[in-house]
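*Asks:* Keeping their order, the protein sequence lines are chains Z and V. The first sequence: position 167 = 158 (our numbering), numbered continuously. The second sequence: position 103 = 94 (our numbering), numbered continuously.
These are calculated hints, taken from the structure and not from any lab test. Any given hint could turn out to be false.
If several chains are the same, the list does not tell them apart, and a pair holds so long as it fits within one copy or across any two.
Said to hold, decoys possible - Okay, derived cross-link-like pairs now, DSSO-like style, lysine-lysine, Cα gap no bigger than 30 Å in a straight line: (1) 52 with -6; (2) 76 with -6; (3) 52 with 10; (4) 76 with 10; (5) 24 with 98; (6) 52 with 11; (7) 24 with 76; (8) 10 with 98; (9) -6 with 10.
There are 2 protein chains.
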Amino acid sequence: MDKFFESFSSYVPLSNALKKELSSRMEPHSFAKGQIVHSADRICTRSFFVQEGILRLYFLKGGQEITEFFGNTGEWVNSPRSFMKQVEDIYYVDAIEDTETLSLHVKDLMFLFDNFPEMERYARLSMGSTFAHLMERLTSIRFTTAREKYDHFLNTYGDIYHRLPLGMVASYIGIAQETLSRLRHEK
Amino acid sequence: MDKFFESFSSYVPLSNALKKELSSRMEPHSFAKGQIVHSADRICTRSFFVQEGILRLYFLKGGQEITEFFGNTGEWVNSPRSFMKQVEDIYYVDAIEDTETLSLHVKDLMFLFDNFPEMERYARLSMGSTFAHLMERLTSIRFTTAREKYDHFLNTYGDIYHRLPLGMVASYIGIAQETLSRLRHEK
DNA sequence: GTAATTTTTTGATCCAGGTCAAAGGAAAGA
DNA sequence: TCTTTCCTTTGACCTGGATCAAAAAATTAC
C-alpha cells in the first residue's frame, strides 16, 4: 500500500481521510507469469496498480499479439476505454512475470471521485503524465528509423527491457521482431 | 460562449455559478489564417477553445513542420506539456484558417480547479476522450499501410479534410506528401 | 535430465513507400 | 492583371525493413 500512497503524494497531498478510504477499498491481487488479468470479452471493472512485477496491455491483430503498453511497478493498468466507459473493448491484460497488484473497483473509484476532489485531481494529473508519454511515443513512431524507435524505447524502458520478451518489445515499437533482433546485435 | 457551454454540458452538468465564472474569465481572441497562436520559444499560458475555424499544433523536425493535431470547432488547443507544467516545449500553434477562439489563462483554470470540482471533472473526462483518440491513432500508425492510415484519418477528420493542406495531413499521419498525393488519385 | 515448446537469431528475397527532381496549378500580393 | 510564392502532382529511382523459411538457443514441462 505504501508504494501507492507514495505515488499518489507525488501528484497531490494525500489526506488521512482519503488514505483510510483507499486502504479499505483497494484489494490485493497476485498474478502468476502468463496469467490473464483482463480479457477482451469482458467489461473491465477493476484498475490494477502494480506493486511488483510487470503487466502488459495488448490486443490481437490477425492472430498476433500487439503490445500497447507495459505497466511497470508504480503504474496503473486497465483496459482504458472499457474501464472508463464500462463498455467492451479489444484490449487484454496479462502478467509478464509474477506480479503483485492492488486493485480498485470502478464503483469505488466513482465514489472516491464524488467525495474526494483530491482523488479527481490525482486522476487528472496522472493521466496528464501518461498523455505526455503517449504523445512522445506517437512522435517517436512516425518519423524515425527502426534504430531510433528502439533507442527511444530504451530511454523510457531501459530499466526493464531485459525482462521483456523481444517479440513484445518489437510490436510495442512497431517493427518486425527479426528487425529488432538484428538491431540488438549490430555494433 | 454557448458552443463551449454546450460542449461542457456534454461531459458534466454546468452550474450557474461556474457558468458565471467562466463567462468573466474566458477571453475572445481572433486569429487570421496563417497567424501564430503560440510559439515554441514561450511558455504556453493560455488554452484556446475553437469556436470557428481550425487551429493546428505542430513542431519542427529538420526544418519541416510536423503536424501533431488539428483543433476543430469545439476543441481545446494548447501546447500540452507547456501549458500544464508551465515549461517550454517544442510545439507551435497556428491558425489554418481565420479562427475565432475563447481562451482561458492557466491561472484562471487553476482557480476554477480549486473552487469548482465540476471543472476538474470536466478536464479529466475530456482529457479521457482525447486520450482514447490518441491510442487509436497510435495503433493506426504502427501496423498499417499508407492507404490504411489515410482511411483512418478520413474516418476521424472526414468532415474537414478538404480544408487541410495536403502536406499537413501527410505529416499528421506519418507518410510523405508525395505518397498521399498518389493515394488520393489512385482508383 | 531429457524432451517438447517457445523464443531468438540468421539468411535470402522483395516491395511499399521514401527521396530527389521538376513541372503544373492555385492563391495571394502588388 | 501580372507576378511571385506556395501547394500539389508526376516521374524515376532506390533502400529500409517486412516477409518467409529454417536453424539455433533458451525455457518449460515431464
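*Asks:* A separate judgement is required for each hint: does it hold in the structure or not?
*Replies:* Tested hints:
1. For the homomeric pair residue 52 and residue -6, neither the shortest alpha-carbon distance inside one copy (35 Å) nor that between copies (39 Å) is at most 30 Å.
2. In this assembly of identical chains, residue 76 and residue -6 lie within 30 Å of each other by CA distance both inside one copy and across copies; the values are 27 Å within and 24 Å between.
3. Taking the shortest Cα distances, residue 52 and residue 10 never come within 30 Å of each other, neither inside one copy (41 Å) nor across copies (45 Å).
4. Proximity of residue 76 and residue 10 under a CA criterion of 30 Å is satisfied in both settings, with 26 Å inside one chain copy and 26 Å between copies.
5. Taking CA atoms no more than 30 Å apart as the test, residue 24 paired with residue 98 passes inside one copy only; the shortest distance there is 28 Å, against 47 Å between copies.
6. For a Cα distance limit of 30 Å, the shortest separation of residue 52 from residue 11 qualifies neither inside one copy, at 42 Å, nor across copies, at 49 Å.
7. Taking the shortest Cα distances, residue 24 and residue 76 sit within 30 Å of each other inside one copy (29 Å), while across copies they are farther apart (37 Å).
8. For the homomeric pair residue 10 and residue 98, the shortest alpha-carbon distances inside one copy (17 Å) and between copies (29 Å) are both at most 30 Å.
9. Taking identical chains as interchangeable, the C-alpha atoms of residue -6 and residue 10 lie at most 30 Å apart only when both belong to the same chain, with a minimum of 13 Å there against 39 Å between chains.
In this structure, the earlier hints numbered 1, 3 and 6 are contradicted, and the remaining ones agree with it.
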